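S.K.: Take these sequences, add in the hints, and give me the full structure.
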Amino acid sequence: MVYQPDRSQYPQQRADGSLDIDLESGKYLKLWQGPQHPGITGNMSLELTVCGDEVVEAKTHVGYLHRGFEKLMERRTFIQCFPIVCRICVPEPDFNEYCYAAAVEELAGIQPPERSDWIRTLILEMGRINSYLMFLGGQAGSLGLGVVAQWSTYVRDLMLDRFEELTGARIYHMFILPGGVRGDLPEGFQQRMEETLKEIERTLGDIEDVMFCNAVFKKRTVGLGYIDPALFNPYGVTGPNARAGGVAKDVRRDQPYLIYSQLAFEPIVGQDSDVFARADVRRRDLLLSIDLIRQILAGMPKKGPVMAKIPNVLHWKIPPGETYIRGECSRGEYGYYLVTDGSGYPRRVNVRGPSYTHAVALLERLIVHVNISDVAGLMVSLHTYPPEIER
Amino acid sequence: MMRELYKKTKQLFPLGDLTEQRHDLVFVSIPHPFLSSLLRHLRDKEGFSHLVLLTAVDWLERGEFQLTYLLCNRSKAWDMGVRVVLPREGATMESIHTLWPTAATYQRELKEMFGIDFPGSPGVNDDFILEGWDDIPPYRRDFDTLKFAEARFTQRPGRESLDPAQHMAKHHSDGS
Amino acid sequence: MSIQDLLSPFTAWKNLFRDPVTIQDPFNDRPGSERYRGFHKNDVASCIGCGTCETICQNAAIDMVVGEGEPTGAGDSGLRPRIDYGRCCWCALCVDICMTGSLTMSNAYTWVERDPDAYRFTPGVDKKSWDNAPLGYQRAESHRLAPTQRVTMGEVAPERRIGSFEEIVQGYGVEQARLEADRCVSCGLCIATCPTHMSIPDYIQSVRDGDYEKGLALLYETNPFSNVCGRVCTHKCETVCAAGHEGEPVAIRWLKRHIVDQLPVEKYRRIIGDPKPPTGKRVAVIGAGPAGLTAAFDLAKMGHSVVVYEAREKPGGMFRYGIPEYRLPYDAMDIDIEIITSMGVEIRCHNRVGTDITMEQLHQEYDAVLLSIGLHLGRSTRIAGSDHKGVAKAVDLLRDIADGKSIDVPKQCVVIGGGNVAMDIARSMARLQKSTQGEIRVTVTALEDLDHFLADPEEVKECGEEGIAILDSRGPQEICLDDQGQIIGLRTWGVESIFDEQGRFAPRYNPEDEQIHPADRVIEAIGQQSDVTLLGEALTEKLAWNRGRIAVDGQGRTSEGWLWAAGDCVNGPDVVHAVADGHRVATDIDLMLQKKR
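Chains as they are written, first to last, in our numbering: chain A, 1 to 391; chain B, 1001 to 1176; chain C, 2001 to 2597.
Quick caveat, the hints were computed from the structure, so don't treat them as lab data.
Careful, some of the hints might be misleading.
Here are the simulated BS3-like cross-link-like pairs (lysine-lysine), alpha carbons at most 25 Å apart as the crow flies [unchecked claim]:
no.: 1; chain 1: B; residue 1: Lys1076; chain 2: B; residue 2: Lys1045
no.: 2; chain 1: C; residue 1: Lys2434; chain 2: C; residue 2: Lys2389
no.: 3; chain 1: C; residue 1: Lys2461; chain 2: A; residue 2: Lys218
no.: 4; chain 1: B; residue 1: Lys1170; chain 2: C; residue 2: Lys2236
no.: 5; chain 1: C; residue 1: Lys2405; chain 2: C; residue 2: Lys2314
no.: 6; chain 1: C; residue 1: Lys2389; chain 2: C; residue 2: Lys2411
no.: 7; chain 1: C; residue 1: Lys2461; chain 2: C; residue 2: Lys2236
no.: 8; chain 1: A; residue 1: Lys317; chain 2: C; residue 2: Lys2214
no.: 9; chain 1: C; residue 1: Lys2411; chain 2: C; residue 2: Lys2434
no.: 10; chain 1: A; residue 1: Lys302; chain 2: A; residue 2: Lys198
no.: 11; chain 1: A; residue 1: Lys71; chain 2: B; residue 2: Lys1045
no.: 12; chain 1: C; residue 1: Lys2461; chain 2: C; residue 2: Lys2411
no.: 13; chain 1: B; residue 1: Lys1010; chain 2: B; residue 2: Lys1045
no.: 14; chain 1: A; residue 1: Lys71; chain 2: A; residue 2: Lys27
no.: 15; chain 1: C; residue 1: Lys2411; chain 2: A; residue 2: Lys198
Predicted, not measured: the structure shown is a model, and the values here were computed from it.
M.R.: Printed below as a string of structure tokens:
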């Protein structure tokens, strides 16, 4: 449907700001996108009200993956929370492990050894690469460019191999635990990692040719889903979504944690704040992560413990307190708010996932007046993972 | 230093004690009627423009809810958690969606999960995560997840476990 | 947008001729990596069934079930973990916490079954193809979820302690005790091994919680001698402690002592509670040692009236007359005895049964009589010269020291024996030598080699610190005398073996390996026996005997229905065993008294 400059057929606003939509009028249609739609990132659904093929109103529906992790943790000892936190974000689980471990360490007064900080940083950057690779496949796929997903899945699998040999698992690594990490780098890891990074770089070159230097992709994404930088603070926009709009928000640089202060890098920033700019920021951020991994493997101390001495975890009690630990994950600011009450169980754990703000209030606002066929591309561009919304 | 900021702000608002968790993270308490004016002040005058999170802690034994509003001043890399205590019974709090529109999502979740009301917050009464929930708000401490699970789901039969000490008391004892 | 943007996407076609990157499964095997967290393995022989894996599992995926072919034994519950793969998330916390390192994971990750219940299995017991897989997750050496080292116990330095009988072990402070108590995994494997089945994990928890009143109440449920046992218990519990498999066992004995150290004795009675109303039944106990007093305490609590006859000056038995003061200060023991008497137990010291009162009189006057006379006669080596007046028995000397008698301290002495009593007398002599002549010249000769020593390793270590020479594998042959008939030393031969093929005591020596250990005094510490003359001929005749000891049934009753026997005189020397025995006979006596009513 061609864009109608005459807006008379579109809904009026009521006094309270809501839209006056009369479904009986035949002018509007309710359309559910998801939770199984291939363009949906994860199990989330959008309740769209369309007029023609233009969205006039959208509601985000989550809850399909709600497992009540925050509540479950209140019934588990501090060590028992460790295996479940990773499940809050499937493609990039390590931030949960890191933030939880760091919060417990801070409240329990444990100083993890230096070498474990390097390994933690390494793992977080490896996870970021995986998350971005998944995003690239999803972003291209949502606009019909399926081949990119096949390539990115292939190199992601290589990175999963590196995760497997380092952590003992491919998806839920369960490697960063309060006190340090579970083990040291395996023999010959650096060399195999270098081979993997080279393959990713080569593949990224291909992806650049096919996706970013692509007239169709540009046509569909340039100008789509523009976020006014003035909205960043009111809507809690962080990470690449903000950086693509020229705001160099990057926790790694703003509040360096782990060993980021010892690494040389500048936050990747874009200009246009649209779908294309966000994809491009993520592609370049991915290249930055590759560089960071090389820096980490070269600069890491060669010897040293990776695990601090911790009390007997079976009856580990932590004095009353509260803290917040944040990190820069591939989607923005990830954080854990932990409250302890002196018992052997967390009093309250609150997970701050970037998708919480991006996928609900922000998305519902951006999606208005977007063509239905662009909805998938737009929402993928916000790079949201529903489990961190509903936890 | 955040301590100076605290002293300065304390002259304007009835702040409680300062908890310095880290050099870049502090927590303060404030009586709930002053919350939104404090947040507005921090946002507009002190650079705390980013609402990091808003969540609740249930202090069941004290009959209170604690709301934590975590704000971030990015240029100074400071975080400040503002704590508000509400009586648990009929907990109601002023909405801050006019300060940060995204707060509406948090408030909607708090209404659903803790039963804390935020009158005027857009969509605050809409189901968020739980559709068709008919029990008490599940993130309250008095909601027992184990009991809930046992009432709704059955265990696969065939599980039984023995306590090592009790088993040994029956089957082994040295020289007695 | 440029012409390049139109052409560039077509570069994707270059991949048309690339080899596929996928693996054709299941035709090509793709093993998991070296540390892959795959299916569980359990070395059932080294597993002790402590259930720590079950405790830590946040999925409730582990059950402890009877492991086939794994009998329940000391320090092994006989249970083995069964894992429900419908719940397991392969986090491997069970592997990380495993106290023996028996639980590991293989790198296998494919397993197909039609029956869903097959996925509930007991690793190591239910044989699987991956049981011998060399690869798979194992806990890294540095990766421990509970501290493995004991909190060091403060001890008086050897130079200082050797000059007196001051107590060596200083006891834990509150913070130290909490750290040590924190190491306990509460598996409870120790309870069965403790002769009196103390609720060890529970009282250790009371140390963690700082709830000492609860701790004391728990101690008194099973042991009225916690001040004593907290110091000198043979702590068999520690030999089976789960933490001892890959680290040091929890210092259970010191934690027990810590609890009693924290409370003033005035509080004890309120915590323990009052005895039951009087039953009017009377029980006589012969010997105020650990077994007799424990039984007396129990019986008094039950409301019976108890009189303890003690031949010596003070109560305590072997506690007082067999254990040197530097290991067990008299006032610690006195606290325990004070509590026992406060329950209404009457102790009549200086009252030797057989002399001051006869067994027959006791039989007539009391509803039941308990014989708990301990082992106060030293055995002799019977080697040539062992009847010389310069040859003494360790028990006699220890008793004299306890009674404060003046001892004729030898310039140089040799102790025969390798048990704790030998160590006790050697160290007591060393102290006396130090204070009277300033120089320590004590030699201990033992039949056993150091690896099979009967004495506790700490005792041996502390002997060395105190300058006592320990010679192992030496068999005594003769007391050497000079022309005046004075002792000049002990002649020994090297030991080749102690037992014959049937396991009987029959030492074989190597006469070539002969040594003479110079000494002006030789002390025999090779074992003790009971002095049963008090029974009188008639009773001795009537009673059933078992290898020189009074025969008793499982409850401690002798062949005479009114007479029970308990403690070392029945079981051989062991402090906590005697306490356990005291409980047992008290229960049996009470049962009999109730029937009589």
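S.K.: Give a verdict on every hint.
M.R.: Cross-check of the supplied hints:
no.: 1; hint: B:Lys1076 - B:Lys1045; verdict: holds, 13 Å
no.: 2; hint: C:Lys2434 - C:Lys2389; verdict: holds, 23 Å
no.: 3; hint: C:Lys2461 - A:Lys218; verdict: violated, 81 Å
no.: 4; hint: B:Lys1170 - C:Lys2236; verdict: holds, 19 Å
no.: 5; hint: C:Lys2405 - C:Lys2314; verdict: holds, 14 Å
no.: 6; hint: C:Lys2389 - C:Lys2411; verdict: holds, 16 Å
no.: 7; hint: C:Lys2461 - C:Lys2236; verdict: holds, 19 Å
no.: 8; hint: A:Lys317 - C:Lys2214; verdict: holds, 20 Å
no.: 9; hint: C:Lys2411 - C:Lys2434; verdict: holds, 10 Å
no.: 10; hint: A:Lys302 - A:Lys198; verdict: holds, 23 Å
no.: 11; hint: A:Lys71 - B:Lys1045; verdict: violated, 36 Å
no.: 12; hint: C:Lys2461 - C:Lys2411; verdict: holds, 23 Å
no.: 13; hint: B:Lys1010 - B:Lys1045; verdict: holds, 14 Å
no.: 14; hint: A:Lys71 - A:Lys27; verdict: violated, 44 Å
no.: 15; hint: C:Lys2411 - A:Lys198; verdict: violated, 82 Å
Hint compliance for this structure: hints 3, 11, 14 and 15 are broken, all remaining hints hold.
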